[in-house]
Each structure stands twice: as structure tokens, then as C-alpha cells.
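Protein chains: 2
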Amino acid sequence: MVDIPNDHPRAESLRVRHAIIDGMHSKIVAEAGLIAHGRGEAYDYLIGEKTHDFAIDAIDAAAAMLYLAKHPVLSVNGNTAVLCPEDMIKFSNKTRIPLEINLFYRSDERMNAITEVMKKYNANLILGNNSEYYEEIDEISSLRRVVDKRGIYSADVVFVPLEDGDRTIGLKKNNKKVITVDLNPLSRTSQQADITIVDNIIRVFPLLLKSFDSIDGRSDAEAILSRYDNNKILKSAMEKITSYFKDKL
Amino acid sequence: MVDIPNDHPRAESLRVRHAIIDGMHSKIVAEAGLIAHGRGEAYDYLIGEKTHDFAIDAIDAAAAMLYLAKHPVLSVNGNTAVLCPEDMIKFSNKTRIPLEINLFYRSDERMNAITEVMKKYNANLILGNNSEYYEEIDEISSLRRVVDKRGIYSADVVFVPLEDGDRTIGLKKNNKKVITVDLNPLSRTSQQADITIVDNIIRVFPLLLKSFDSIDGRSDAEAILSRYDNNKILKSAMEKITSYFKDKL
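Protein chains in written order, with the working numbering: chain B, 200 to 448; chain V, 200 to 448.
Hints should not be assumed to be uniformly reliable.
Identical copies carry no separate label here, and so any pair may be met within one copy or between two of them.
In silico lysine-lysine, DSBU-like type, Cα no more than 30 Å apart, as pairs [to be verified]:
id, residue 1, residue 2
1, 431, 409
2, 445, 376
3, 439, 376
4, 371, 409
5, 289, 409
Simulated from the structure, these hints should not be mistaken for laboratory data.
Kindly produce the complete structure, drawing on both the sequences and the hints.
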């Protein structure tokens, strides 16, 4: 880990950046995951690196959708395993929603490295890493199509943060509801998902857990979901970015 | 090199992405250079991945400033050595403006790997890689401070693409004119440079050479420079990004 002075104007961003690089060294993060992280940094910068109302509303809807789901699953990739393992696993353990490792740049080495992270933080429910349960989703062309029979394959709601557009479209074709966390409101994933949380994944899980805990039964969750309009949320996020630039003009 | 189908909607972007990853394997590109490339991808996306008028005007001014300079230098880092070695070296050889390798994540291994790229494309004037000529610029805190006595140390104009803010500020404190290529019009580098080309470096060098070739003597170059207003250019770039989002609303 590189030593970063606390008074550096970009100290927090640099610390996260080096955690991602260390994650690549330990095979958790794919090499292309570093480039993806850079894209995320750029978009996070454009929303002032903070959680806005449009993200809060999407988080509340996501909590409600996960609450009401018959068979929800949280998809895990290398970047999430480095960026927020503790908060993600805490959410999974408390809500009993399983975590499924599902990778674009899939290899046994990476599956194992990510499984180790999950175990280190005491994850109770880990799917995706046992070949006995492998199934394929034909509508996904990448290795993302290899899923767990007990997890994404039979899920009605899939939480897929830091996503590629192809998978979101493939999951939708299989009549699954998709919740995503994506800092670019214009990405194919953001546009295709049922619920798009435009925020940094680092900030999302504690808020998601708080929101989940505050749900007052099924009718409350249904009311939250019925009020929710993802297109409106995406427009708010774009307006925020637009106004960020306008303020600098 | 990964095989990417030509009909993929992001084929060109994916090809460049994999060239950067290959560059990391051959030690040309720093690991953090992958993250920086991701940031660039995000901002390039926001300007529609094409060269706009605000970049053309900045390129014309940059050509004029390099033309008029007593002692101009082109600074080279790992990402530029992967993204546009041929065009950059062609520009250097034709204009006799030397290339100086100057790295944030500096190591002998990387200096040598980049020197090899320069030689492969027949660069005539390579500086920065001979310890006999090392000098330091005190105002730069990173290893970027190690410069070549015959190059950046004595330069009046430095062309520093894909830059960190600290170096730009350090060079300015040493009364050097700074030309940069930076896709984020709000970065410290963009804001501090004398001329900011908001464009993808891949597209810049052929246009810079064309502009340099078309200069009709010193008085023409002086006229181009006297008309140029970098603040106006930065505002145009921000307006472009703002309108990109507005059009999607």
C-alpha cells in the first residue's frame, strides 16, 4: 500500500485507487477493472463525490424491491470485492440475501481470490463458485452467462452493481428485475435497469441497509415501489451533472 | 492482444483499452495509468469522442506557441507512448522539437521500456533517459521533478499531455509556458495551463502537425497567439459537455 499524505487534496480518491491496484496484484480485480474504476472516478467527480437525492430515492426503491423479492441475489465482481466488502457482506448477512460471484473476466484464480475475500469478512451465503451448480443464461454472450442454479439462474431480482450493458439486457430478457449501481446515467445498464442508483458503490451499502431496516411491512414496500420512476431519477442525475458544469461557467 | 469483433458498438474503445493493458504488461504504462485512461474514456464519451472547434483553436494556438518558442520540449509518459507513439514521434522529427521522457511513477525499467518504444519508431531526439544530464525542479514534489538539463529544465515552452496538476503548477512557477492535452476541462492542469487542448491525445498530433505546417512565418504565429483566449476555450468545452447531457434529457 502506497503512503498517501492526509493533506493531499485527492487523498481519499488516491487511497481507493491504490486499493484497486493492490486488488489487481492479488488477482481479485481484473486488469480492465482498473480502467473501469477510472471511468467511475470521472463520473463521481461530476456529481461532487456525494450521494444526492436521486440516489437516495433509488436506494429506497431498491431496498423495497429486495424486500418484496421471492428470490433476490447480490452479484459480486472484483471491483465491489475491493471497494466495499465489509458493508456488502454485512448487508447480505443481515438480510439473508445471498452473494453470487459472477465475473466478466472469469478465471478459477479470480473466483478463488474473491471467495477468500468473502470468507475473510465472514460472508454466510456465497454462491457462484461451485461448479456442481453451474447453469448458463443463453442471452448473455460473455462468461457472465455462467451462473448459479440456486442464485442468479432462479432469481426474480438481481442486484448488479458496476455492470456491463450486455448482462443487464440478458437478465431482462430472462424476465428478471435488475437493480444497478452505475455512476454514468447514460450507460446502457443505467438506461435498461429497473432501478438505477447513480452513486459510488462505496457510499451505497450502509444507506441500503438503513433503508431496508426502516421498511414497515410489505404494504409499505409496495407503496415505495409504486411511487418510484426510474426515468425521472436518471433525468435528475443528468441535470445534476449539467448544473455542475454550468456553475463553473 | 484480445480479439475484438469489429461490429462491437465500442470496438475502437476496447482496442485502445487492451493496448493500454498490454502496455502495462510490457512496463511502458504504470498501473495507475490504467485508471487514468478510464477517466479519459469517460470524459471523451461526454464530448462524443470527436474533436470540436474548441480543440482545433487550442491546437492552432499550441502550434503557434511551439513555433515561436526558443526552446520547446514535448514531455512523454507511458500512456502517450502507447496511445500515439508514431504520430508523436513524426511530429517531433519533423519539427525538431525533442521528446523528453518524464514519469510520475518513475523506474529504470519503465524509462528503458519507453526508450525502446521511441527507438522502435525512429525518434531522433530523446531526452530524459541519461543520468549525466539530470537536474531537479524544486517546485515539483513527485519524481516528475527529475528533468533533463537540455530539455524541460531549460525549456521556455513545455507540451505536457495527460498531466498531473502538481507538475503543471511547478512548471508555471518556473516561468515556463505549459501546453496540455486534457479531456477534463475542470482539472487543475486544464485550469492552470496556458493552452488546454480538450481532446483525446490519439486525435491531436496529426492535427497539430498540419497546423504547424500551415503557419506562415512568425507574424502569422504571433497573430494566432494574440487572438487566443484559454478561458474562452475551457468554457466552450464545458458548454459542450453540458449540452451533451441536455440533449439526453
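Do the hints match the structure? See the list:
1. 431 x 409: Within one copy only: 23 Å inside, 46 Å across.
2. 445 x 376: between (35 Å within a copy, 28 Å between copies)
3. 439 x 376: Result: close within a single copy only, 26 Å intra versus 35 Å inter.
4. 371 x 409: within (27 Å within a copy, 48 Å between copies)
5. 289 x 409: Only inside one copy: residue 289 and residue 409 sit 12 Å apart there, 58 Å across copies, limit 30 Å.
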